[in-house]
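Taken in order, these protein sequences are the chains called A and B.
Under the numbering used here, the first residue of the first sequence is numbered 24, with each subsequent residue one higher.
Under the numbering used here, the first residue of the second sequence is numbered 20, with each subsequent residue one higher.
Simulated DEER-style distance windows between Cβ atoms:
# : chain 1 : residue 1 : chain 2 : residue 2 : range
1 : A       : Lys84     : B       : Gly33     : 39 to 47 Å
2 : B       : Ser91     : A       : Gly76     : 25 to 33 Å
3 : A       : Lys84     : B       : Ile75     : 27 to 35 Å
4 : A       : Lys91     : B       : His98     : 43 to 51 Å
5 : A       : Ser95     : B       : Ser84     : 31 to 39 Å
6 : A       : Glu43     : B       : Glu103    : 32 to 40 Å
7 : B       : Thr24     : A       : Arg128    : 23 to 31 Å
Which residues of chain B face chain A? A few of them, derived with a C-beta cut under 10 Å, are:
#  : residue
8  : Ala50
9  : Val67
10 : Leu116
No lab work stands behind these hints, which were simulated from the structure alone.
C-beta: ideal position from N, C-alpha, C; glycine also.
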Amino acid sequence: AQSVTQPDIHITVSEGASLELRCNYSYGATPYLFWYVQSPGQGLQLLLKYFSGDTLVQGIKGFEAEFKRSQSSFNLRKPSVHWSDAAEYFCAVGEDDMRFGAGTRLTVKP
Amino acid sequence: DTEVTQTPKHLVMGMTNKKSLKCEQHMGHRAMYWYKQKAKKPPELMFVYSYEKLSINESVPSRFSPECPNSSLLNLHLHALQPEDSALYLCASSPSLGAGGYTFGSGTRLTVV
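So here's chain B without its partners, still in its complex pose (with noise of 0.2 Å):
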């Protein structure tokens, strides 16, 4: 298995919503990635985790909460969120921080109503 598996693929919230994203790898990798991307913009990084432990925060509003219960999986924990968070949110994984060359998921594209 070399992929990278996010679900939902598409989302639609409520301001006053809770949801949760998902991402689940089974390559074995130990360090994964949230990013955002608005459209037409590049990917940007919110959270890095390295073997379940979040290494990284680029200062994300408290509104997004990631969380890595194990190995394999990643979530992003979602409340309160603003239009302005709709987005395109990408996980990715690589075999350890430092390995470079991220295998990325196709993403959940989020709207925020």
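The following block holds chain A by itself, in its conformation from the complex (with noise of 0.2 Å):
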């Protein structure tokens, strides 16, 4: 069965420095993977996916993230994290049922 882990529970950076969130996941093929941002008592937004191809994907909010099959990881990376950021972040695995990661706390200090 696919599955993804999120090393880390919770990440606190300060706001302007850069960003990396951990995804590894588990799954034989090439694994649809994507990150999902989620603010408190919402629903999620999906900020990227990855499916074949290139493997830096560009996603919204000037996130982006790095298939790597050698290392199994899909990692989430931003240059630049605004306050705005801090939510908790989903990375999932899945083509007709996504699987959730335990997801990561961004939290951003001013």
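With the hints as a guide, bring the two chains together.
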């Protein structure tokens, strides 16, 4: 079965600093991978997705992610974090039945 | 219209009540999903519908009964729930199975008393 692991439960970064959130997947073939963001009490917003092709994926809000098959990773990055980026971030995998990682809570220090 | 609309936003129900959650989309999507999210946890898949037919049931207790009356509407009927069923219930849709990139509604916050 497909699954993803997010090793970091909570990350704190200063505003303006760069960000990298880690995600490792478990799947034999090329997986469908996603990053979602969730603000408190809200639904989930899709940041970006990877199905195939170019391994560097650009998303909304200045986020990007890189698919690395050799490391089974799909890490999310942003060069300069804004205070409004504070939220819960979920990595997810799946085609017909998307499964989520445990999430990483991002805190942004002023 | 690029939204998934869920109603009600909040619901409090007793353990003997019957209630329904509603989810609607007008994007022409043919796959729809129900997820359950407990506090500080990731969403967990409950049901998947494709072309109004139930495709996946993740061994959800029968006190949760999904229904897809047409391609735009997905309901979740609730009966005899337990306090531990209190959670945020999220609906999502996608163009079809395997298309990826689900669009989520903002959820129904359910409290069972």
